[in-house]
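*Asks:* Could you put the whole structure together from the sequences, leaning on the hints where they help?
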Amino acid sequence: MSGGLLVAGTTSDAGKSVVTAGICRWLVRRGVKVAPFKAQNMSLNSFVTREGAEIGRAQAMQAQAARVEPTALMNPVLLKPGSDRSSQVVLMGKPVGEMSARGYHGGRQESLLGTVTDCLEELRSTYDAVICEGAGSPAEINLRRTDIVNMGIARAARFPVLVVGDIDRGGVFASFFGTTALLSAEDQALVAGYLVNKFRGDVSLLEPGLDMLYGLTGRRTYGVLPYAHGLGIDEEDGLRVSLRGAVRESVVAPPHGEDVLRVAVCAVPLMSNFTDVDALAAEPGVVVRFVDRAEELADADLVIVPGTRGTVKALAWLRERGLAEALVRRAAEGRPVLGICGGFQVLGERIEDEVESRAGVVDGLGLLPVRIRFDRDKTLARPVGSALGEPVEGYEIHHGVADVRGGEPFLDGCRVGAVWGTHWHGSLESDAFRRRFLVEVARAAGRRFVPAPDTSFGVLREEQLDRLGDLVEEHADTDALWRLIEGGAPAGLPFVPPGAPPLGAGAPESRGAAPDPAPQSPEGLECAGSAGSSGQGLELARSAEATPQELDGARSAEATSQGVGEAAVVHVDQEAK
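Last residue of the sequence shown: number 1356 in my numbering, and the count goes up by one each step with no gaps.
In short, the hints are calculated from the structure, not lab data.
Computed from a prediction, not measured in an experiment: that's the story for all the values here.
Keep in mind that a hint or two might mislead.
To be verified - Okay, derived cross-link-like pairs now, SDA-like style, lysine to any residue, Cα gap no bigger than 25 Å in a straight line:
{"no.": "1", "residue 1": "Lys1157", "residue 2": "Glu1131"}
{"no.": "2", "residue 1": "Lys1157", "residue 2": "Glu848"}
{"no.": "3", "residue 1": "Lys1157", "residue 2": "Ala1181"}
{"no.": "4", "residue 1": "Lys873", "residue 2": "Val1163"}
{"no.": "5", "residue 1": "Lys873", "residue 2": "Leu1159"}
{"no.": "6", "residue 1": "Lys812", "residue 2": "Gly1267"}
{"no.": "7", "residue 1": "Lys812", "residue 2": "Met871"}
{"no.": "8", "residue 1": "Lys977", "residue 2": "Arg937"}
{"no.": "9", "residue 1": "Lys1157", "residue 2": "Lys812"}
{"no.": "10", "residue 1": "Lys1157", "residue 2": "Ala1138"}
{"no.": "11", "residue 1": "Lys873", "residue 2": "Glu830"}
{"no.": "12", "residue 1": "Lys812", "residue 2": "Arg948"}
{"no.": "13", "residue 1": "Lys873", "residue 2": "Arg1262"}
{"no.": "14", "residue 1": "Lys812", "residue 2": "Arg903"}
{"no.": "15", "residue 1": "Lys873", "residue 2": "Ala1160"}
{"no.": "16", "residue 1": "Lys812", "residue 2": "Pro1269"}
{"no.": "17", "residue 1": "Lys812", "residue 2": "Asp1256"}
{"no.": "18", "residue 1": "Lys812", "residue 2": "Asp1249"}
{"no.": "19", "residue 1": "Lys1157", "residue 2": "Val1140"}
{"no.": "20", "residue 1": "Lys873", "residue 2": "Arg829"}
{"no.": "21", "residue 1": "Lys873", "residue 2": "Glu900"}
{"no.": "22", "residue 1": "Lys977", "residue 2": "Lys1157"}
{"no.": "23", "residue 1": "Lys812", "residue 2": "Arg1262"}
{"no.": "24", "residue 1": "Lys812", "residue 2": "Glu1253"}
{"no.": "25", "residue 1": "Lys812", "residue 2": "Arg864"}
{"no.": "26", "residue 1": "Lys977", "residue 2": "Asp1258"}
{"no.": "27", "residue 1": "Lys812", "residue 2": "Ala1111"}
*Replies:* Structure representation (structure tokens):
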């Protein structure tokens, strides 16, 4: 059996994903066969593995950091929010239906414990080490009883826990202490210590606080990672910065030609796989920003309508904000527009949706001769082809089936003038195709922009993952980390009062205890659309969806999940327990 570690966080967006990736890269560089794992994730950024399974994009990135092929074992449960009251459940890489909070928290999540522990044990039988990512905070005391992603999985595997805190947002000492003090004695016995993330300044000024923290908790700090700019690593579920006026982090380099190229991405509700634009931001001289006003399209050389989990909702949002009219006007003027997945569907003539929004037939923007019909079966694929005379690879995640009725072929979609549409995510990561596409955009936009001839997105991503490995190797006590991974939490860690509070009147008194043993398979777990449904499983979501305005704007990675989840689905990707 292999060793392992759970990377937890004091808050959402504390840096768990990148720290997990950094530890994976550090380990593989020293010859350790390592795999990432996240029992349950909530994210609109997902990826398709080679066997056709859908998993969180962050876990795919972590697998690349570990230099292994991503599989469904690394993220057995994925929740994809469709409103603030429902999510699609993806189990072992395949969608099994929509669910509401009541259905999920009615005990069904406990039946998943056996599934996720089985996946973890299979990884442990194959790899020297498994580095698990937690979700949200392990001290979500209202949800501890059914936890399968933080202390629940740590207890099941007897993994030590490293708690990451983001010092850049303040209050890191209180967060470390409070997180520990709100756990039961059994859970605290696995909390080995802390890791400070995003520190700016002189570490010697921090050391007295770390010494006092040790005196209060009996737990050491395993490292202080400095704030690192421009990492550009695949994100869990949101933008790192506020949407308004934000420019996505990109390579700091002058344009190769005379002009820069400005790309505006419409920040539609339930935006998914916005990582598609990372490859553009990696090009010298390409500036990528996310916008939500029609006037912000005026100076854009290329407008992208990205993927979304709510195509009809996104279409309504574009119309309400005047963005739809601006897109139609751009197309008439021959100015470039690219629609990807849900954005491609929006650009078509008609959408027939009895699956996602149940809105029936809705008119699209009519910029492409395409009709979309939503099918209950989801397309999950890794297509390979060519476009603009260059080879392209991508991945597909969609319910919409496109009936293309004209235009020039473009991947699986079409092109009319300067308007392109495709279901393929990730196509812009193909270097030669991306350069050729940017040449077409620059010509249509009248810009003297020339793509750099040697930009390799794959090489840049590897360099960024190596930077994460360097941060861990240079600023963490790697010898002590390896002892944790190999030998578990130190014995005799002191209890920090008061510990987990009672669950409340009428609830079982667990003080944070792990769930009772659960079935070893998800048999009987029923969702809308699953075969043999008996009404005993996950409940169909029937409540009203949030308005586009409620879901508008940027939300940080797991803070997105928190907003979607606390009101209904599950609190953060974390607590779909």
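*Asks:* Against the earlier hints, flag every one the structure doesn't satisfy and list their numbers going up.
*Replies:* Structure breaks hints 8, 9, 12, 13, 22, 25 and 27.
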